[in-house]
Amino acid sequence: MAIRKDANTLTSSERAEFVAAVLEIKRLGIYDQFVLRHARANMTAIHRCPAFLPWHRRFIYDFEIELQRASGNPNLGLPYWNWPDGGETASLWDDDLLGGNGDTNGVVRTGPFRSGRWTIVNRNGQANGALRREMRQNASSLPTISEITGVVAQTPYDTAPWDASASGFRNQLEGFIGANLHNRGHMWVGGSMLPMTSPNDPVFFMHHCMVDKIWHDWQVAHPSQGYQPTGNAPFGQNLTDPMDSTPTPNNRPIDVLDSSSLGIEYQQSGEIIVPPIATPQLLPLDESFINASINIPGEVIRFQIDAPEFASYRLETSGNSDTVMSLFGPNDARALVTVNDDGGENLNSRIVQSLSAGSYILEIRLYNPNSLGSFSISGQPIGTSAIPTLAVNGVQTNAAISFSNESDLYRFTVTNPGAHNIETEGQTDTFISLYGPNSQTALLDNDDDSGSGLNSRLRWNLPNGEYFVRVRHYSPVSTGSYSIRVNR
Amino acid sequence: MASVKEDYEGCAIEIEVENTLTLNGKKIEFTHDNTNQTWHSDYLPYSQYNSLIELARAIVHESGEFTKAQN
Numbered sequence: 001m002a003i004r005k006d007a008n009t010l011t012s013s014e015r016a017e018f019v020a021a022v023l024e025i026k027r028l029g030i031y032d033q034f035v036l037r038h039a040r041a042n043m044t045a046i047h048r049c050p051a052f053l054p055w056h057r058r059f060i061y062d063f064e065i066e067l068q069r070a071s072g073n074p075n076l077g078l079p080y081w082n083w084p085d086g087g088e089t090a091s092l093w094d095d096d097l098l099g100g101n102g103d104t105n106g107v108v109r110t111g112p113f114r115s116g117r118w119t120i121v122n123r124n125g126q127a128n129g130a131l132r133r134e135m136r137q138n139a140s141s142l143p144t145i146s147e148i149t150g151v152v153a154q155t156p157y158d159t160a161p162w163d164a165s166a167s168g169f170r171n172q173l174e175g176f177i178g179a180n181l182h183n184r185g186h187m188w189v190g191g192s193m194l195p196m197t198s199p200n201d202p203v204f205f206m207h208h209c210m211v212d213k214i215w216h217d218w219q220v221a222h223p224s225q226g227y228q229p230t231g232n233a234p235f236g237q238n239l240t241d242p243m244d245s246t247p248t249p250n251n252r253p254i255d256v257l258d259s260s261s262l263g264i265e266y267q268q269s270g271e272i273i274v275p276p277i278a279t280p281q282l283l284p285l286d287e288s289f290i291n292a293s294i295n296i297p298g299e300v301i302r303f304q305i306d307a308p309e310f311a312s313y314r315l316e317t318s319g320n321s322d323t324v325m326s327l328f329g330p331n332d333a334r335a336l337v338t339v340n341d342d343g344g345e346n347l348n349s350r351i352v353q354s355l356s357a358g359s360y361i362l363e364i365r366l367y368n369p370n371s372l373g374s375f376s377i378s379g380q381p382i383g384t385s386a387i388p389t390l391a392v393n394g395v396q397t398n399a400a401i402s403f404s405n406e407s408d409l410y411r412f413t414v415t416n417p418g419a420h421n422i423e424t425e426g427q428t429d430t431f432i433s434l435y436g437p438n439s440q441t442a443l444l445d446n447d448d449d450s451g452s453g454l455n456s457r458l459r460w461n462l463p464n465g466e467y468f469v470r471v472r473h474y475s476p477v478s479t480g481s482y483s484i485r486v487n488r
Numbered sequence: 001m002a003s004v005k006e007d008y009e010g011c012a013i014e015i016e017v018e019n020t021l022t023l024n025g026k027k028i029e030f031t032h033d034n035t036n037q038t039w040h041s042d043y044l045p046y047s048q049y050n051s052l053i054e055l056a057r058a059i060v061h062e063s064g065e066f067t068k069a070q071n
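First to last, the protein sequences are chains X and V. Sequential numbering from 1 applies to the first sequence in this note's numbering. Sequential numbering from 1 applies to the second sequence in this note's numbering.
Keep in mind that the hints were calculated from the coordinates and are not lab data. Glycine included, each C-beta is placed from N, C-alpha and C at the ideal position. Among the clues, some could well be false.
[To be verified] Just the calculated beta-carbon pair ranges, DEER-fashion:
(1) V:N24 <-> X:S140: 24 to 34 Å
(2) X:E406 <-> V:Q70: 57 to 67 Å
(3) X:A16 <-> V:T20: 33 to 43 Å
(4) V:N34 <-> X:T9: 44 to 54 Å
(5) V:T35 <-> X:V352: 24 to 34 Å
(6) V:K27 <-> X:N42: 12 to 22 Å
(7) V:G25 <-> X:N42: 16 to 26 Å
(8) X:T144 <-> V:N19: 38 to 48 Å
(9) V:N34 <-> X:V352: 35 to 45 Å
Construct the complete structure from the given sequences, taking the supplied hints into account.
Below, the structure is given as structure tokens:
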């Protein structure tokens, strides 16, 4: 377990251990390989894009492993540069850790990475002189606690067109819109921290450790928000795409989403405020309007919707605000159903969707994360949908999960009580849920892989009545065809 | 902007009508954001500049490729 601490709080022995490990992997040539891995990556595959955060999470994780090997301490954690307390007089810039600012030419002449002790490399791997820092010349200030808190409040993770113009948390943290956290840190240090060879300065790793901590804090604050995109973005950016210039295995965003599974623990500085998760307000599906307002930039307002039966529902906002709504469920606040921006009147959002019975979470934010505004929200069923019927001991029904997060609902009627098999067939990793009798919400059982291969199978003694089966892909981002049948 | 030729920190900067930039004869790729009127380059991934000449000077000064290394 790597314990990652505020660099300013490291003890003298912790500082000495970190510096010695960095110098040792520099001596072995390992450090410069990290510089080149970053410098030779496709710039726009690892910056200005969704993979910016997972790519750098994996990058500094690999670096941390090398430090642990060099030090012999499996718990050695990268320190993070706590920007609000990390100005030029902060102790992380002392001579026993990073050393200080450069001279009039930018050359660093203090600390363990000073000229004569530390040589940087260019993108060809050739020695390129001393480490350079020109603090405050390109950016006058570091991010504040309130700026960080404001960015942590942003959702969703990212949005199309998935670049430096996109709205969302990633781009605000990276720094091309909004408060500008990450980019500003590079620019504040200046010198060797500005080009693609920026890992030449060891503060790069502390800087990205802080970036990664903020992503971690955001993940804790917004458990219903996942990595985006899950598909249809440029290759290398989607949840299950391999990332550029990253060794296998575990080189996809999905592999590094959980810090704790990587053995990483962040020791909080106790100052950055993670916004509380608001309890969702119940939105009745009776056409009544609920008024709400976004009073903090980036605020997300959550509503709970209880769909009593499978039907087509309309959810929409009204007012002058440019709203965006995201629907999650059923009965899983992490399972995204759909997102809508401008499907309603003017800049309002509207979702018209067939929904299985169950509980849903509707999140509403403003398109511009820097805007404030009010809106009204209403929901109503707009018609029952025909639920396909499965004939007991009849022919199988062929179907497909055709897009991310889709689920299919079926009904069947038991007129001869006894043991019934409900099972899928095919190459798709299905997950089924059985409800009843005579209820779309009374869950009897779930199954993932009890059938052949990755298929699902439930065997239940069923009394007379009507039953419902919901089928989805085990993976929320995957699709595939399957068949389903019920046999007594 | 008309053609610009400038010696900056010992590096020859040449700009031809805002669409071609060379440093010491090497063609430098860059992107112009028409909406925000900013210029940026893969050489300096974290920053954007308000003119092409500012970007060129920053690449010369910061990239370490067009000036003599300092010790």
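Outcome of the hint check:
1. V:N24 <-> X:S140: 24 to 34 Å: 31 Å, holds
2. X:E406 <-> V:Q70: 57 to 67 Å: 59 Å, holds
3. X:A16 <-> V:T20: 33 to 43 Å: Because 51 Å falls outside the window, the suggested range is violated.
4. V:N34 <-> X:T9: 44 to 54 Å: 46 Å, holds
5. V:T35 <-> X:V352: 24 to 34 Å: At roughly 33 Å between Cβ atoms, X:V352 and V:T35 fall inside 24 to 34 Å, so the hint holds.
6. V:K27 <-> X:N42: 12 to 22 Å: Distance hint for V:K27, X:N42 holds at roughly 19 Å.
7. V:G25 <-> X:N42: 16 to 26 Å: Between V:G25 and X:N42, where Cβ atoms are some 25 Å apart, the hint holds.
8. X:T144 <-> V:N19: 38 to 48 Å: 39 Å, holds
9. V:N34 <-> X:V352: 35 to 45 Å: 36 Å, holds
Checked against the numbered hints given earlier, this structure breaks only hint 3.
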